[in-house]
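**Student:** For the sequence shown, our numbering begins at 1 and goes up steadily by one.
If you are wondering where the hints come from, they were derived from the structure by calculation, not from laboratory data. Owing to the predicted nature of the structure, the values given are computational and were not obtained by experimental measurement. Treat the hints with caution; some may be incorrect.
Said to hold, decoys possible - EDC-like mimics (lysine to aspartate or glutamate), calculated; alpha carbons at most 20 angstroms apart, straight line:
#1 K79 with E35
#2 K28 with D76
#3 K119 with D103
#4 K24 with E114
#5 K121 with D109
#6 K55 with D76
#7 K119 with D70
#8 K65 with D109
#9 K119 with E49
#10 K119 with D109
#11 K28 with E90
#12 K65 with E35
#13 K38 with D109
#14 K118 with E104
#15 K29 with E49
#16 K40 with D109
#17 K28 with E49
#18 K33 with D103
#19 K33 with E52
#20 K38 with E90
#21 K33 with E49
#22 K40 with D102
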Amino acid sequence: MRAVLCAIVVLGFAGLTAAGQDQKIDAKKLIGKWEPAKPKAGAPKMVVEFAEGGKVALTVTVGDKSEKIDGTYTVDGNKVSVAMAFGGKEEKETFTVSKLTDDEMVSTDSKGKEDTLKKVKAK
Numbered sequence: 001m002r003a004v005l006c007a008i009v010v011l012g013f014a015g016l017t018a019a020g021q022d023q024k025i026d027a028k029k030l031i032g033k034w035e036p037a038k039p040k041a042g043a044p045k046m047v048v049e050f051a052e053g054g055k056v057a058l059t060v061t062v063g064d065k066s067e068k069i070d071g072t073y074t075v076d077g078n079k080v081s082v083a084m085a086f087g088g089k090e091e092k093e094t095f096t097v098s099k100l101t102d103d104e105m106v107s108t109d110s111k112g113k114e115d116t117l118k119k120v121k122a123k
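Make the full structure from the sequences, and use the hints.
**Tutor:** Put into structure tokens, the structure is as follows:
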């Protein structure tokens, strides 16, 4: 399960990141829970939560099992750097955010994969 989670985290945070290298994002708009706008069929449910103070948590749900992985993030201009630990190994990824609104985030990871996340509405 840890190997699957590690892969999901790397791919999941790939959903966070491309153009506009000189843009700055409003880091306050990051705060909250985000999920893929168009999840792939059969993919685990994934929710990324950015909190104040540079804390981030990824919750992955496969079937009826959920696992939460905590980490940290920093924002520099339009780049979001995330660090999380799995099984004693730290994973890091930096994403470039090209669009960030109250409801949508479009980002590109370091491998050039673009993804769109939508903000999870409070229930």
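**Student:** Work down the list of hints and note, for each, if the structure agrees.
**Tutor:** Against the structure, the hints come out as follows:
no.	hint	in the structure
1	K79 with E35	holds, 19 angstroms
2	K28 with D76	holds, 13 angstroms
3	K119 with D103	holds, 5 angstroms
4	K24 with E114	holds, 18 angstroms
5	K121 with D109	violated, 25 angstroms
6	K55 with D76	holds, 15 angstroms
7	K119 with D70	holds, 19 angstroms
8	K65 with D109	violated, 27 angstroms
9	K119 with E49	holds, 10 angstroms
10	K119 with D109	holds, 19 angstroms
11	K28 with E90	violated, 25 angstroms
12	K65 with E35	holds, 17 angstroms
13	K38 with D109	holds, 17 angstroms
14	K118 with E104	holds, 5 angstroms
15	K29 with E49	holds, 12 angstroms
16	K40 with D109	holds, 18 angstroms
17	K28 with E49	holds, 13 angstroms
18	K33 with D103	holds, 10 angstroms
19	K33 with E52	holds, 12 angstroms
20	K38 with E90	violated, 28 angstroms
21	K33 with E49	holds, 4 angstroms
22	K40 with D102	violated, 23 angstroms
The structure fails to meet hints 5, 8, 11, 20 and 22 from the earlier list, while all remaining hints are met.
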